[in-house]
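4 protein chains.
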Amino acid sequence: MTKPFEFGTGIWAFGQFVDRYAADGYGPARTTRDMLETAAKVPDLVHLDINVPFATEGLPAIEVRTMLDDLGLKCRATTPHIYMREYAKGAFTNPDAATRGKVRARVEEAIEAARVLGASFVKFWPGQDGYDYPGQADYMQLWDYTIDGIREICSAHPDMQFAIEYKPKEPRVRMTLANAPKTLLAIQETGCDNLGIVMDFGHSLDAGESPTESLMMIHRYGKLVSAELNDNWREWDDDLPVASVHLFETMEYILALRSIGWEKPVLLDQFPFREDPVGAISRSIKTIQMLDEVCARINLAELAAAQSAQDALAAQAIFWNALLDSKRF
Amino acid sequence: MTKPFEFGTGIWAFGQFVDRYAADGYGPARTTRDMLETAAKVPDLVHLDINVPFATEGLPAIEVRTMLDDLGLKCRATTPHIYMREYAKGAFTNPDAATRGKVRARVEEAIEAARVLGASFVKFWPGQDGYDYPGQADYMQLWDYTIDGIREICSAHPDMQFAIEYKPKEPRVRMTLANAPKTLLAIQETGCDNLGIVMDFGHSLDAGESPTESLMMIHRYGKLVSAELNDNWREWDDDLPVASVHLFETMEYILALRSIGWEKPVLLDQFPFREDPVGAISRSIKTIQMLDEVCARINLAELAAAQSAQDALAAQAIFWNALLDSKRF
Amino acid sequence: MTKPFEFGTGIWAFGQFVDRYAADGYGPARTTRDMLETAAKVPDLVHLDINVPFATEGLPAIEVRTMLDDLGLKCRATTPHIYMREYAKGAFTNPDAATRGKVRARVEEAIEAARVLGASFVKFWPGQDGYDYPGQADYMQLWDYTIDGIREICSAHPDMQFAIEYKPKEPRVRMTLANAPKTLLAIQETGCDNLGIVMDFGHSLDAGESPTESLMMIHRYGKLVSAELNDNWREWDDDLPVASVHLFETMEYILALRSIGWEKPVLLDQFPFREDPVGAISRSIKTIQMLDEVCARINLAELAAAQSAQDALAAQAIFWNALLDSKRF
Amino acid sequence: MTKPFEFGTGIWAFGQFVDRYAADGYGPARTTRDMLETAAKVPDLVHLDINVPFATEGLPAIEVRTMLDDLGLKCRATTPHIYMREYAKGAFTNPDAATRGKVRARVEEAIEAARVLGASFVKFWPGQDGYDYPGQADYMQLWDYTIDGIREICSAHPDMQFAIEYKPKEPRVRMTLANAPKTLLAIQETGCDNLGIVMDFGHSLDAGESPTESLMMIHRYGKLVSAELNDNWREWDDDLPVASVHLFETMEYILALRSIGWEKPVLLDQFPFREDPVGAISRSIKTIQMLDEVCARINLAELAAAQSAQDALAAQAIFWNALLDSKRF
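If you're matching them up, the sequences are chains S, H, V and X in order. Following the numbering used here, the numbering of the first sequence begins with 6 at its first residue and continues without gaps. Following the numbering used here, the numbering of the second sequence begins with 6 at its first residue and continues without gaps. Following the numbering used here, the numbering of the third sequence begins with 6 at its first residue and continues without gaps. Following the numbering used here, the numbering of the fourth sequence begins with 6 at its first residue and continues without gaps.
A portion of the hints provided could be inaccurate.
Because identical chains share one entry, a pair is satisfied inside a single copy or across any pair of copies.
Once the Cα atoms are required to be at most 27 Å apart in a straight line, the calculated BS3-like pairs of lysine-lysine come out as [claimed, not checked]: (1) 46 / 332; (2) 46 / 228; (3) 332 / 79; (4) 332 / 107; (5) 8 / 291; (6) 79 / 228; (7) 228 / 269.
Think of the hints as simulated: they come from the structure by calculation, not from any bench. These numbers come from a predicted model, not from an experiment.
Could you put together the complete structure from these sequences and hints?
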């Protein structure tokens with residue numbers, strides 16, 4: 006019997022969203038306490054990926070730890086803000102050496118917070134590291150800066166686990182750590198054992214991948230640190246609730262998590278711009294729980310036989326029947 | 006001989022940008038005066054599309070007019086903010102009737118400002134009007150609300166010119182007025198003569214169109230109110246300088262503007278997140294001026310012959326030779 | 006109570022496929038009789054869209070009619086081959102006037118066949134009408150040729166129904182009749198009452214549309230002649246079985262067909278390159294029948310309330326619950 | 006001083022094209038001799054990538070060698086047909102072990118031909134290796150089959166150079182060896198030193214890459230066996246002439262080839278469906294030669310300074326000025 010999934014989400018799901026048009030925000034500003042209290046209202050939500058610095062300026066990590074403990078929440082990861090104004094031209098790849106140095110300081114802050122909060126890993130999300138125009142970049146310089154900057158930090162903290170969240174674009178028009186295999190190559194080049202990957206379903210769709218294939222590839226290389234679900238329309242990181250668009254891709258992803266015995270939390274990376282965040286995150290959790298039951302109904306030997314025979318219609322029928330809990334197909 | 010193009014831009018190019026990650030902005034906040042003074046530094050830039058309410062809260066339109074006059078600038082259009090927080094679930098299509106009413110009030114404000122500033126038209130940019138998920142929308146209700154809301158305003162102000170700027174997505178995940186032909190149908194349904202289209206090159210690329218085809222189609226229907234240039238990578242409205250990515254598409258667009266005798270300003274819709282805005286807008290103006298000279302070198306009869314014969318290689322050679330000012334091809 | 010859907014498919018689903026690589030075909034060549042006999046094996050399949058000339062060269066239409074009658078099949082439409090070698094540079098838009106003339110003759114042949122076979126309409130699929138390169142086309146010339154060519158035929162046969170199947174690309178790199186609203190404008194320009202649209206779900210996805218929105222828009226204009234289902238990955242016309250990728254979009258499409266009281270056949274446009282065609286078409290029919298039952302479970306007033314309130318999570322829950330036949334969400 | 010580029014092309018550019026619609030072909034069938042004689046008409050074209058079996062059935066390789074010698078042509082590579090009817094469900098990944106065995110035999114044939122023809126490498130283009138539907142594939146089984154099949158062949162022929170041409174899709178809806186970093190990982194897993202990559206500009210665009218970045222990455226890993234140019238609209242492998250759409254991306258690619266001292270041929274992978282193949286290939290060669298001169302005008306130190314400073318507008322200006330041979334920007 007498989008253990009039920011545990012769930013987490015980025016704390017940002019409970020914050021104030023802005024975009025380049027609605028610069029006055031989609032709702033009021035929120036303190037860290039507001040955000041945690043809202044998170045605590047989501048049934049079955051326990052884990053949080055928390056940005057550092059915290060939303061409430063100057064709040065000591067130990068106070069956040071107390072809030073978490075009081076609310077029955079856990080910190081799964083900390084994510085340093087290395088994609089704000091100061092890093093608009095890159096964090097690890099910033100052309101200014103002093104700014105690259107500040108990145109290190111900022112990550113150290115997130116490492117410190119991770120220790121206080123009991124986080125399992127520190128996440129690198131180098132959203133400004135890349136380029137915008139054809140002809141603008143010395144791609145191998147960007148690559149070297151990326152490898153060097155990440156290696157330096159990971160080597161300095163061998164007892165901490167780090168993970169890269171790849172994404173093809175946004176906010177940078179094109180990001181250097183764009184997809185799963187490129188990120189695996191980057192990790193190889195750093196030579197660091199304490200560095201893995203945050204595999205985000207939506208980023209993978211946006212990168213033109215089949216998310217389940219990338220999940221399994223990252224697992225093959227022993228680099229799967231976090232598995233994160235959401236959905237989008239394939240062209241942009243819309244951060245919609247799970248299976249809003251891609252049901253079968255989500256089913257095969259959950260099947261894959263089951264197949265590798267994933268017992269760590271499944272995280273949700275959503276931006277519910279126009280929905281109640283408690284409702285939007287709850288929806289995703291309930292959807293995954295339902296699909297997990299659906300997957301439990303699948304006869305894995307039958308599915309393996311259909312897949313090995315490249316019998317696509319038979320494989321489809323297995324998915325449909327499990328979903329409908331019938332022998333319809 | 007063709008008159009040289011006049012140039013304008015959205016005033017937002019000189020403001021503070023934010024996005025959902027760099028919520029602290031790509032640079033400091035700017036007052037309306039700051040923005041106008043920066044605009045005035047761009048050689049050959051005269052016209053502005055100005056958002057209403059103004060960046061500086063409470064600033065009377067007449068003062069903006071004085072600033073414009075003093076700086077040698079003109080207001081080409083006003084654009085009411087109907088895509089901020091209050092309109093997150095739509096402006097014309099907002100489910101709340103009271104909010105739809107406020108949209109009208111807000112547009113009236115922009116009409117008033119347009120009169121004081123001497124603008125040629127008021128622009129509708131219904132960026133929040135649409136939907137986010139499959140199954141969420143009653144598409145024909147959204148369509149009816151859009152038609153009705155726009156008709157009501159245009160009918161009430163028959164002496165003012167209005168124009169819709171279409172776009173397929175962002176900030177709404179999917180926008181109702183998504184492309185050129187759909188917007189032409191919407192205009193037909195309103196039955197309003199004082200309603201046309203702002204044709205934005207980048208939005209058209211993002212919508213999967215050939216921008217020149219859409220430009221000519223809109224012109225065919227007598228609905229071309231404004232022609233706007235910029236560039237992107239085809240999947241998102243990156244708002245890069247002109248011809249950063251698509252040189253030949255830009256050349257054929259300029260040729261088309263020449264062919265229809267376009268004497269109104271060419272506007273630039275750019276978001277220079279990481280570049281100096283004066284430099285980024287100047288670059289686009291110089292590029293258009295250069296490409297206008299290139300287009301002047303094209304023998305139109307020869308091009309028409311190649312196009313009529315579907316001789317793609319011959320048409321390409323004409324473009325290359327004009328660009329290089331040679332007989333190379 | 007709603008009548009159950011009737012089903013049809015393009016006869017090509019039972020033919021030999023080729024592509025530019027597997028030029029030796031994905032299976033053996035097939036005669037018209039082979040194809041019809043295979044079609045007859047698909048449960049609940051009655052209607053066929055039949056290409057003219059027929060696969061078997063020289064076969065008289067009356068013999069095809071006999072085969073259809075004997076097999077219990079009906080001809081829903083005929084589709085003239087106006088996209089083969091001779092029309093590589095366009096059918097209606099071919100630069101050669103003589104070739105444009107031949108198109109008319111070829112369509113007349115399909116009209117004749119339609120009369121003999123008892124088809125409801127003749128389909129135009131101008132897959133070679135468009136362009137390949139930036140700068141190659143005089144877009145308005147292509148548009149005029151398209152309008153003129155189609156008008157000439159429709160006017161000459163006022164008692165026959167015609168329909169355009171739009172598609173954004175393939176085989177031409179870019180096609181002129183690319184999406185729903187553009188095709189509606191083209192139909193308006195022809196001024197012909199006997200001209201409508203074949204609305205193909207997959208072409209609509211490929212055109213960046215929401216298929217249900219386009220379906221309803223075409224219906225709004227009274228131009229819906231045929232509704233066709235299949236699926237793809239949004240970037241190309243993969244012609245996969247129904248709901249292979251987009252379940253919720255398919256559900257809302259079926260709901261929309263129910264809402265307009267669609268009683269004509271639902272056609273399937275599939276290319277089962279690597280699957281048994283009988284299995285692939287049967288799968289789609291069973292999937293639609295199942296989803297039709299799912300849609301019958303939806304409380305339309307509840308859905309309308311959720312949609313009118315832009316309550317996306319509530320609308321989603323209605324879809325999920327209907328699919329699972331539960332109150333899970 | 007840099008040596009001028011040598012040029013080659015796939016022999017298929019001079020053959021008969023078909024697609025799934027124009028199944029009667031875009032022009033007449035061609036013998037191997039026809040194709041070679043046409044190739045010989047293209048100025049500056051010397052190298053050919055030749056499919057095995059040859060277009061003319063049963064033609065001995067030695068006769069092809071004689072034809073090549075007589076015409077002043079050289080065989081750059083041979084490409085076994087492992088993507089025809091028999092391999093519709095995969096070559097290396099075919100579910101049928103006997104078919105996987107035949108692949109090996111077919112590749113051996115191409116190796117033999119390569120020796121007779123004096124080719125530098127044998128190309129793997131596993132266009133049918135992948136999947137079509139969500140849920141159909143055991144991705145790691147496909148990956149293992151791919152690695153194992155390729156390793157077996159490369160190990161058995163240590164004196165022959167092999168190269169994989171990656172592509173994201175077509176003919177298979179999704180291909181396993183989809184992009185550059187994934188292919189680098191696959192090569193690592195084979196452990197074979199005699200295996201590299203054919204880097205095709207258009208496949209790279211289609212895969213969402215920046216081709217120059219991928220070129221440099223492949224070079225970084227010492228795996229660049231062939232560099233191939235063409236162009237497309239980013240969503241499909243349109244195989245258009247060089248720089249038909251993406252001028253600046255092509256310029257930076259040529260700059261990169263110069264920077265790594267590329268002295269092997271530049272190959273052209275085009276499918277001139279509607280153009281004269283001699284004209285279409287000649288156009289690409291002349292365009293590359295012209296752009297090579299343009300690149301020679303670029304001050305590399307200035308460009309490096311602009312790129313290192315992430316001064317995108319300065320980098321752009323350098324490209325523009327070189328193209329126009331002026332100081333305009």
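Hints, one by one, checked against the model:
Taking CA atoms no more than 27 Å apart as the test, residue 46 paired with residue 332 passes between copies only; the shortest distance there is 22 Å, against 38 Å inside one copy. Proximity of residue 46 to residue 228 under the C-alpha cut-off of 27 Å is found in neither arrangement, the shortest distances being 32 Å within a copy and 50 Å between copies. Taking identical chains as interchangeable, the C-alpha atoms of residue 332 and residue 79 are never at most 27 Å apart, the minima being 41 Å within one chain and 31 Å between chains. Taking CA atoms no more than 27 Å apart as the test, residue 332 paired with residue 107 passes in neither setting, with 60 Å inside one copy and 38 Å between copies.
When the C-alpha separation of residue 8 and residue 291 is checked against a cutoff of 27 Å, the pair qualifies only within one copy, where the shortest distance is 16 Å, while the shortest distance between copies is 35 Å. In this assembly of identical chains, the alpha carbons of residue 79 and residue 228 lie at most 27 Å apart only when taken from the same copy (22 Å versus 45 Å across copies). Taking the shortest alpha-carbon separations for residue 228 and residue 269, only the intra-copy value of 14 Å comes in at or below 27 Å, while the best inter-copy value is 37 Å.
Checked against the numbered hints given earlier, the structure breaks hints 2, 3, 4 and satisfies all the rest.
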